[in-house]
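J.: Below, each chain spelled out in residue letters.
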Amino acid sequence: MNMDVSAIFQIAGIGIIIGMIHTVLKQMGKEDMAQWVTLIGFVVVLFMVIRLLNDLFQEIKTIFLFQ
Amino acid sequence: MIKLLGAVLILFAGTMIGFQQAARLAARPRQLRQLAHALQRLETEIGYGHTPLPEALDRTADAVPEPLAELFRDAAERVRGPEGLTFRESWEQAMTSGWGSTALRQTEQSVLLRLGSTLGISDKEDQLKHIHLALLQLKAEEDAAREDQSRYEKMWKSLGVLIAVLVVILMV
Numbered sequence: 004m005n006m007d008v009s010a011i012f013q014i015a016g017i018g019i020i021i022g023m024i025h026t027v028l029k030q031m032g033k034e035d036m037a038q039w040v041t042l043i044g045f046v047v048v049l050f051m052v053i054r055l056l057n058d059l060f061q062e063i064k065t066i067f068l069f070q
Numbered sequence: 572m573i574k575l576l577g578a579v580l581i582l583f584a585g586t587m588i589g590f591q592q593a594a595r596l597a598a599r600p601r602q603l604r605q606l607a608h609a610l611q612r613l614e615t616e617i618g619y620g621h622t623p624l625p626e627a628l629d630r631t632a633d634a635v636p637e638p639l640a641e642l643f644r645d646a647a648e649r650v651r652g653p654e655g656l657t658f659r660e661s662w663e664q665a666m667t668s669g670w671g672s673t674a675l676r677q678t679e680q681s682v683l684l685r686l687g688s689t690l691g692i693s694d695k696e697d698q699l700k701h702i703h704l705a706l707l708q709l710k711a712e713e714d715a716a717r718e719d720q721s722r723y724e725k726m727w728k729s730l731g732v733l734i735a736v737l738v739v740i741l742m743v
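These protein sequence lines are chains A and B, in that order.
Position in the first sequence counted from 1, then plus 3, gives you my numbering.
Position in the second sequence counted from 1, then plus 571, gives you my numbering.
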């Protein structure tokens with residue numbers, strides 16, 4: 004349970020920092036770089052969520068399929 | 572405990588990298604202005620003093636601060652050296668070998684190299700004209716560098732800290 008909460012905070016922190024980097028880059032007129040940073044941040048967060056979902060489905064399999 | 576120490580170290584390193592990039596951006600217009608002063612000094616030596624070129628380079632080197640003075644002094648050394656290089660060869664070697672210690676870029680280097688291929692082979696008026704041309708180009712570069720500085724200096728400062736924080740969060 005403890006692990007889950009820290010993962011949520013981690014994702015929230017990544018979101019905040021990526022948002023700030025996006026703002027800074029956009030203010031300095033590098034829109035394309037800002038878009039790339041946002042995209043890469045999104046992919047990283049997506050991988051973390053996929054790992055958590057994988058854990059969830061493993062749990063469900065062990066509960067309902069009696070393995 | 573060790574995790575905290577590593578996080579602090581990464582934060583410190585990221586902040587320093589950002590500040591160093593910002594300092595590099597700030598150093599470029601300053602060095603461009605010093606380079607323009609040096610070329611004006613060289614112009615005076617050629618136009619009014621009729622000084623021989625290696626000696627004129629030495630006096631120019633005395634008039635500017637360090638990273639640029641080394642370029643001129645090196646060029647003068649190479650002209651006087653035992654290999655018997657022409658002025659153009661020694662100028663090019665000096666500019667390419669000492670360039671890494673300055674904050675200047677490729678465009679300024681090509682301006683200086685073009686100037687070096689015309690110094691010392693023609694009469695006074697021609698050399699003065701070429702120095703004037705180089706001065707004009709350096710002036711344009713300095714304006715562009717100043718604009719870059721005002722735009723990107725703050726960005727590097729905040730970007731260094733932000734990327735360090737991001738790395739820390741990703742690694743926790």
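Simulated from the structure, these hints should not be mistaken for lab results.
These numbers come from a predicted model, not from an experiment.
Heads up, a few of these hints could be off.
Below are the DSS-like pairs computed for lysine-lysine, each with C-alpha atoms no more than 30 Å apart in a straight line [to be verified]: (1) 728/B - 700/B; (2) 695/B - 574/B; (3) 29/A - 725/B; (4) 29/A - 728/B; (5) 710/B - 700/B; (6) 725/B - 710/B; (7) 710/B - 695/B; (8) 695/B - 33/A; (9) 574/B - 33/A; (10) 728/B - 33/A.
What the simulated footprint calls covered on chain B by chain A, stretch by stretch (three residues with Cβ under 8 Å from a Cβ of chain A suffice, anywhere in the stretch; the number is not a length) [stated by the list, open to error]: (11) 581-590; (12) 683-689.
Virtual Cβ for every residue (Gly too), placed ideally from N, Cα, C.
J.: Look at each hint and say if it fits the structure.
T.: So, going through the hints one by one against the coordinates:
1. 728/B - 700/B: Judged against 30 Å, a Cα distance of about 41 Å means the pair is violated.
2. 695/B - 574/B: The given pair, whose Cα atoms are some 67 Å apart, is violated under the 30 Å limit.
3. 29/A - 725/B: 13 Å, holds
4. 29/A - 728/B: Judged against 30 Å, a Cα distance of about 15 Å means the pair holds.
5. 710/B - 700/B: 15 Å, holds
6. 725/B - 710/B: 24 Å, holds
7. 710/B - 695/B: 22 Å, holds
8. 695/B - 33/A: Distance of about 47 Å is beyond 30 Å: violated.
9. 574/B - 33/A: 34 Å, violated
10. 728/B - 33/A: 16 Å, holds
11. 581-590: Not satisfied, violated; 0 residues make the cut.
12. 683-689: This one is violated; 0 residues, fewer than the three required, reach chain A with a Cβ under 8 Å.
Checked against the numbered hints listed earlier, the structure breaks hints 1, 2, 8, 9, 11, 12; every other hint is satisfied.
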